[in-house]
Amino acid sequence: MNGATNTEKLTVGAARAEQYSNNWPTGNLDKAINDFAGTNPIITTTEKGKRIYTNPTTGIQVVEDISGNYFRIYNPNISGKRAYLDLNGNIPNNKLLENGKEAGRNQGEYNAVTHFNIERNK
308 MNGATNTEKL TVGAARAEQY SNNWPTGNLD KAINDFAGTN PIITTTEKGK
358 RIYTNPTTGI QVVEDISGNY FRIYNPNISG KRAYLDLNGN IPNNKLLENG
408 KEAGRNQGEY NAVTHFNIER NK
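Per my numbering, the very first residue in the sequence shown carries number 308; after that it's consecutive.
Mixed in with the good hints there might be a few duds.
To be verified - Ranges of calculated distance between the beta carbons of each label pair, as one might list FRET restraints: (1) Glu-325 to Asn-406: 28 to 38 Å; (2) Pro-363 to Lys-402: 17 to 27 Å; (3) Ile-349 to Gly-407: 37 to 47 Å; (4) Thr-353 to Glu-409: 29 to 39 Å; (5) Gly-396 to Thr-351: 19 to 29 Å; (6) Lys-408 to Ile-350: 36 to 46 Å; (7) Ile-385 to Ile-350: 15 to 25 Å; (8) Gly-415 to Asn-347: 28 to 38 Å; (9) Arg-389 to Lys-355: 31 to 41 Å; (10) Ala-410 to Thr-353: 16 to 26 Å; (11) Asn-347 to Gly-396: 31 to 41 Å; (12) Gln-414 to Glu-354: 21 to 31 Å.
As the list claims (entries may be wrong) - Think about it this way: if two alpha-carbon atoms lie no more than 27 Å apart in a straight line, the pair counts; the simulated DSSO-like pairs of lysine-lysine are: (13) Lys-402 to Lys-355; (14) Lys-402 to Lys-338; (15) Lys-408 to Lys-388; (16) Lys-388 to Lys-357; (17) Lys-338 to Lys-355; (18) Lys-402 to Lys-388; (19) Lys-388 to Lys-338; (20) Lys-357 to Lys-338.
FYI, nobody ran anything at the bench for these hints, they're computed from the structure. Heads up, the beta-carbon is just placed ideally off N, CA and C, and yes, glycines get one too.
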């Protein structure tokens, strides 16, 4: 593997954030870790630059993309492709329409409500 490929892998999260993060809500990473991974999470780091905080009891993970400066909340207990949660712990597959009915979110809409820019202390 050449150096360019390694660099590209490390910056995928940053590139994703640069392209899409204007549509993402901001969330408090410490609060999400406490709420979903617990007070004593198992912390691992991947080669692709993600820091994963895993709840040892539920298995739910807060996945921080270090270079992208965002995080997601993953529930491995959910079957199917959409196993990411919103900040309230809900599976955001549907959206509420103006007429009060629910409709499914497309993939872009789903991604926009399951990626969170990391709130920075002011």
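Which earlier hints turn out false for this structure, listed by number in ascending order? Result: hints 2, 9, 10, 11, 13 break, sorted rising.
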